[in-house]
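K.L.:
Chain by chain, the residues run as shown.
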Amino acid sequence: MSAALAAADRGLAVTLIDNSPLLGGQIWRGTNPEPVRALGRHERVVVEVSTSVIRADARDGEGALLIVRGPAGVRVIDAPALLLATGASELSLPFPGWDLPGVVTPGAAQALLKAHGVRIGARVVVAGTGPFLWPVASGLASAGVRIVALVEAAPVRAGAAVAAGLAGHPALAAQAARYLGAVARARIPVLSGRVIVAAHGEDRVESVVVARSDGSGRREIAVDAACVGWGFVPAVEIARGLGCREVAHPVRPISTVAVDAAQRTSVPGVLAAGEITGIGGAVKAAAEGTIAGAVAAGAEPPRRVVTVRRRAARSAAAFDRAYPIPAGWLDGLEPATVVCRCEDVTWQQVTDVIADGIADVRAIKGQVRCGMGWCQGRICGPALQLATAARAGRPVDAVGDLATRPFAIAPTVGELADLGAFRPR
Amino acid sequence: MSGVTFRFEGQSITASEGSSIGAALWAAGVRQLRSSRVLGRPRGIYCGIGQCYDCVVHVNDGPLVRACITTVTDGDVVTSG
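These protein sequences, in sequence, are chains A and B.
Our numbering applies: residue 1 is where the first sequence begins, and numbers increase by one.
Our numbering applies: residue 426 is where the second sequence begins, and numbers increase by one.
With the rest of the complex left out, here is chain B (with noise of 0.2 angstroms):
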């Protein structure tokens, strides 16, 4: 299987094609996707599914989108929620 490589806050992350964001960054070790909202206290993959949110991040500037469920595209940057 072909790989894919992107960004996440400034460190560089390859993944298999076809990846979520969430998984390749839980393969590579990142297990902190951002912090809350109120209380700043450290958040990633939840639930795994897509239900929780709380895993959400930006990729290339956009919307947030649930790393869970995204899959990773070659050159992407992602950002903290």
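Isolated chain A (complex conformation) (with noise of 0.2 angstroms):
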């Protein structure tokens, strides 16, 4: 939004494609009515929503062909320029039962929540670890729901190394102060330093095991809904599709997309903005859009919001070590435990193909179905690309991915038929 608004006003014609019914992404949801409208008021501005971008190629010359579906059917665009921002998904990690219905991301209930006023439990716990958890806990508690627990597994020192990476950002200080601050007036117990390791029901979620990250000061706590997040991992089928150049995550199970100062990626005509450029936020998100907007209208950069990027990419960076994804994560799985949700690949399965000595994710996909499902590997790539380098005793970035994606959502038959004459290069 930041982008089309940045590029519209130096006088390019911008088409904006979002795959959600209101502009404005998981977080915003359409609540930020001030950019929606100027969007909806520009002259130069065609928004599409409930638009999705199945692939995109690069383009001869600059930019990029994009074949697109819309509510009235799919499309080529011919774009001489191409800005991605598509955002991220939350990551998940495998633990004892939590397959059972009432196990739930944080940003299902946040969702459920925001765009349905419903709301996900009545005794909840929220558990994983990072500062997103702040605003679902206190959020849910605001709607009448009573948080049992917000189980953190980072140790309580986690807060002050944030606290000093925040120091250079009155902003994000700010947001992040209100946060807890909620979380603190809701009453909302929080365990750090502990894990949920399972949870327990025979068709919905009954209770919870929450422990010391290694397994010691074990403890139940019934719950009908348990929220369990581990940050984010950025969605970059699309750029990859575009052959846009990476940067692997050290020890996350990520990779985002590289840019430079302009933001611009590796593939001529083609920038990135927000969390496939690297986890960070709304503010440093939309920093980027407007510096990307302004740099494919062929305009410098605003230099205020240059400082503003800066200083978000330090505070993102703050919250990236204070927030590991805590080491003992493994010892919890048991060989019953589904890693695939789709195709029901057990733990046993995973790690007899590993003990095989295949330490390539792609390879464990092919023997054992582990991401060859409807969700593509969304839920279990990242997951089993962490599995894999810990049992290979080989580095997260050298066991591959299952993020290489051709179509970012599945078409069907018909319409790549519909589509006709265009040939992918």
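Everything labelled a hint here was simulated from the structure, so no lab data went into it.
Wrong hints could be hidden among the right ones.
Examples of chain A residues lying across from chain B (beta carbon under 7 angstroms, computed) [said to hold, decoys possible]:
no.: 1; residue: PRO101
no.: 2; residue: GLY107
no.: 3; residue: TRP347
no.: 4; residue: MET372
From the three backbone atoms N, C-alpha and C, an ideal C-beta is built for every residue, glycine too.
Grab the two chains, each in its own frame, and use the hints to assemble them into the complex.
P.N.:
Dropping the structure here:
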């Protein structure tokens, strides 16, 4: 949205494609009326919501050819310049019982509440790691949900490290203080240095077991829902399809799109902004978008926004260090624990293949179908990458990933036929 | 806001207009939307934003759709995925 406004204000004709019915992404969900209004009345901006990019290919010269699906069907867009701001989804890690109904991602709880006014449960535990847990827990609490515990894997001292990282960034520091204040006001018990090691129930979750990272101090808590999330995974499939250079994270199972100071990717005429260049939140995303929009229009990025981007990136780095994925997460897995939800692949099947000397997640996928189902490895891929690296004793970025998807969303055969004359390069 | 009524596995469910099938069923206390393909384990909404495909259901005998991002229409007959 920031990029579209920045580019259109400088004279470019802009088409803004959003796969949601409401602009603003998963966090805002149409609740930020000011830019939505500005985009709506801008004569050089066409907004297409409920429209998804199926794939994009680099165009001769600069830019991209995009296959998109909207309410009116599929079509090809010939774009001399393309800005990718495809965001991220949550990182899930399997544990015994994580596939029971009622165990969800924090984002699911937030989506149900924000989009539909539906509470995820009456007695809920929010768990995992990272600052996203704070607004989810406090948001649910203010909607009347009893948050029995906020279970944060990082030790208490993580907060101090983050505070130092936020020192140069008043806007983010205020946001963090607001969320933490809300957690405190709602009297949500925060259990630091602990994780959910199991969920129990017959056909829905009835309790979770919380323990220290080393497995000690086990304690069962009755719940009717549990929200567990471990940070975010940038949605790089469209960028990867275009051939944009990526940078693998050294310890997390994610990679980000490499950009220069002007937000340009390695593919001419293709820019990137937001979570896909590095997990950092809305402030960083908006700053990057504004810079990219100006650059696309051939203008200098506003100096003030460049400063915001630099500070936001520094804060993001502090969060990244303070809330790592706990090393012991694998220890709680049982042989029968489902790793791939789509194909019901168990941890036993995965460890058997790794024990055979296979240390590449794509080969494991080929052997046992982990990541081959409906979601195309979106949920299990990062966890499989982490697990494979740990079990095989290799770096996280040396075992491959499951993020290569020739189609970002699945087209039907009929849609491909409708495209007729289009010939991918 | 006006309401809509639909059926899930024979049960009559009312929802507010514009609600997703998944949100309407969650509000009505339904957690299990299907059984998993190989092990037959209970499954329902997991990611809530159309990424995980765990909440897939059939609507009016059509192809599988994701309950969490599919808007319910009055009179829909929804069956387990």
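K.L.:
Hint by hint, note whether the structure agrees.
P.N.:
Here is what the structure says about each hint:
no.: 1; hint: PRO101; verdict: holds, 3 angstroms
no.: 2; hint: GLY107; verdict: holds, 6 angstroms
no.: 3; hint: TRP347; verdict: violated, 13 angstroms
no.: 4; hint: MET372; verdict: violated, 12 angstroms
Of the hints listed earlier, those the structure fails to meet are numbers 3, 4, in rising order.
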